[in-house]
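> Each chain is listed here by its residues.
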Amino acid sequence: MKIIYFAKIREIIGKKTEKVDIPDNISTIEQLLFYLTTLGEEYNHALNDINKIHVACDQEYVGNDFNFKDCQEIAIFPPVTGG
Amino acid sequence: MIEVIIQEEIFNPKEIVEKIRARVVAGAMVSFIGSVREYSDDKLQFMEIEHYDEMAKKIFLSTLNQAKAQWDLKACYLIHRYGKLYPNEPIVMVVTCSDHRKESYKANQFVVDYLKTNAPFWKKEHFKKDSKWVKQTV
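Chains X and H, in that order, give the protein sequences. For what it's worth, my numbering labels the leading residue of the first sequence as 1, then goes sequentially. For what it's worth, my numbering labels the leading residue of the second sequence as 1, then goes sequentially.
Calculated directly from the structure, the hints in this document are not laboratory data. Errors might be hidden in some of the hints.
Chain H is faced by these chain X residues, among others (derived, beta-carbon under 10 Å) [as the list claims (entries may be wrong)]:
id: 1; residue: F6
id: 2; residue: A7
id: 3; residue: R10
id: 4; residue: E11
id: 5; residue: I13
id: 6; residue: A56
id: 7; residue: E60
id: 8; residue: D70
Only a predicted model underlies this, so the values are computations on that prediction, with no experimental measurement involved. Every residue gets a Cβ at the ideal spot worked out from N, C-alpha and C, and that includes glycine.
Could you put together the complete structure from these sequences and hints?
Take a look at the structure:
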């Protein structure tokens with residue numbers, strides 16, 4: 001699964017994008033975020049507060065209970081500050 | 001007319017207004033320009049704007065199409081910058097045109113409010129001694 005990180009989350013994890021092998025039993029965004037926090041201290045630090053994280057599947061916002069298995073690209077980022 | 005531009009280079013609001021006026025005949029035109037603020041106590045050196053290009057384009061186009069349909073606009077134009085920006089430089093400009101002013105005002109505010117909370121852009125402010133990511137304000 002291709003995952004892209006932006007802004008503060010990208011800085012803390014230290015990667016802009018990566019391919020992650022996701023176990024078959026993980027299917028929702030909430031499960032994915034929890035799984036990613038187990039990959040290392042930097043992931044845990046960047047993603048531990050689920051309320052401050054937004055996720056997009058193929059450039060569309062999705063909620064925590066969304067099934068991401070058909071997504072080509074998952075983006076994970078903090079609240080936006082454009083404009 | 002609907003147009004979305006996402007670019008790194010600085011833009012000239014006056015030229016944009018003239019460009020739209022040359023293409024669109026409308027009784028009313030409203031423009032909003034958002035610029036990099038200066039801080040008096042801890043001087044901002046520059047701002048960096050990061051963005052998610054494909055998603056930003058999708059969101060801008062769908063928002064402008066929605067505004068155009070809802071307020072019967074003659075034109076809806078949006079330009080947003082990314083990269084390194086200096087104090088007072090323009091970040092974003094939204095222009096709405098309609099037969100009468102109320103539709104242009106309402107549509108313009110709708111587009112700006114929507115992009116502030118949904119468009120995938122992130123600002124980082126760089127001061128003399130440190131830098132910080134800007135927190136979302138609605």
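> With reference to the structure, classify each hint as holding or not holding.
Verification of the supplied hints:
1. A distance limit of 10 Å between C-beta atoms decides the matter here; for F6/X the minimum to chain H is near 6 Å, and the interface restraint holds.
2. Look at A7/X: its Cβ gets to within about 4 Å of chain H, closer than 10 Å, so that hint holds up.
3. Against a cut-off of 10 Å between C-beta atoms, the interface hint on R10/X holds, since the closest Cβ of chain H lies about 8 Å away.
4. The interface hint given for E11/X is met, as the beta carbon of that residue sits about 8 Å from the closest beta carbon of chain H, less than 10 Å.
5. Because the smallest distance between the Cβ of I13/X and any Cβ of chain H comes to about 14 Å, over 10 Å, the interface hint for this residue is violated.
6. Because the closest C-beta pair between A56/X and chain H is about 6 Å apart, less than 10 Å, the hint holds.
7. With its C-beta approaching chain H no nearer than about 8 Å, E60/X sits inside the 10 Å limit, and its interface hint holds.
8. Because the closest C-beta pair between D70/X and chain H is about 17 Å apart, greater than 10 Å, the hint is violated.
The structure does not agree with the numbered hints 5, 8 stated previously, though it agrees with the rest.
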